[in-house]
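Colleague: Spelled out from the first residue to the last, the chains are:
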Amino acid sequence: MDYDTELMLRASRGEDAAFRELFDRHYKRAVNTAYRSTGDPDLAEDIAMDAFARIYESRGSFKPAAKFSTYLYRVVVNLSINATKRRRVVTSVSLDDGRDVASSDAGPDERVERSELARAVRSAVLSLPVNQRMALVLTRYEGLSYHDAAQAMGVSVGAVESLLHRAKQNLRKALGEHISLE
Amino acid sequence: MRCSKVRSLLTSYLDSELEERRSAEVREHVDACDACRAELAALRSVTSTLGEWAEVEPRLGFDALLARVDRRAAAKPRFELPALPVPRWAAAMLAVASVAGGVLLGTIGTGSTSVGSNKPPSAQQVAVAMDVQPHDLVEASLAYSLGGGLQGSASERGAQ
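So the sequence lines, in the order shown, correspond to chains Y and P. Each residue of the first sequence is one higher than the last, beginning at 78 in this note's numbering. Each residue of the second sequence is one higher than the last, beginning at 77 in this note's numbering.
To be clear, the hints were calculated from the coordinates, so they are not data collected in a lab. The reader is advised that the hints may include incorrect statements.
Below, a list of computed lysine-lysine pairs in the BS3-like style, where the Cα atoms sit at most 27 Å apart [stated by the list, open to error]:
| no. | chain 1 | residue 1 | chain 2 | residue 2 |
| --- | --- | --- | --- | --- |
| 1 | Y | K105 | Y | K162 |
| 2 | Y | K140 | Y | K162 |
| 3 | Y | K250 | P | K81 |
| 4 | Y | K144 | Y | K105 |
| 5 | Y | K162 | P | K152 |
| 6 | Y | K250 | Y | K162 |
| 7 | Y | K140 | P | K152 |
Modelling step: build the complete structure from the supplied sequences, incorporating the hints.
Modeller: Encoded structure:
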């Protein structure tokens, strides 16, 4: 049994300190998964909070059938998809909203250049069809294996492979001028 | 291996998700094929460029979660059935009817989620069973995960 599952089982028996530790271990990842799915940092935080609130409320009936992280991602992914459908997310919001963790040791010119590149990447990712975007976020940004991403999305591993292949093709077209070929 | 096949595998190859034998086949092909090598370089560059989109730092913490849980609990409608006296004979008849109905349904049920199936239900099936819309699977997946059904549940739901 992994440590997260142990914490969740303790939480299911009423130990709030155990749930707090789970929250501290995974909240930032949940926020960033939702952020890269929706492009909106405030909405992302709302989605991550909602996911943890639902899991907290259901903790009494938890059974350790899967990794806690997979379970959390599954809830975050579904909430993000619902939010994306409910609300047309604006993809052109400025990156200078003070919430991105920017590189501090770059000079002014380099910062401008990297900011433009970051904006292009963000726009390209957010323009992907939602399932391609989810597969990309879970594997490229969150580092999940194809197997874990498939479980979180409720699709087969083959479907994840196919989604990623198409996502990369689309990104290549969208980022054309920004890609350096050595 | 043909170029078209190799190109369909390049993303999995870059992510180290191919079996060793398959990975070696791709490597061998790429070493010998200029066009596929260029394709691999382009994909590698795309993957690397994605890292330019930085993550965000959350603003809220655990106290905000507890406050949200309290708000959600307060917002839930309180609904209680009035306690009505039920005669014993009526309760007994209801129990018998429930059991009989369950046996009958179990006998005639032929759907893909039948009790004897070894295959876990897909998220879609769970959604249908829970009478929720297929696109709104949050509650279904939550209940499904809590109920122990997530393991091995990679469903055959169509990819977009």
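Colleague: Which numbered conditions among the earlier hints are violated in the structure presented, ordered from lowest to highest?
Modeller: 2
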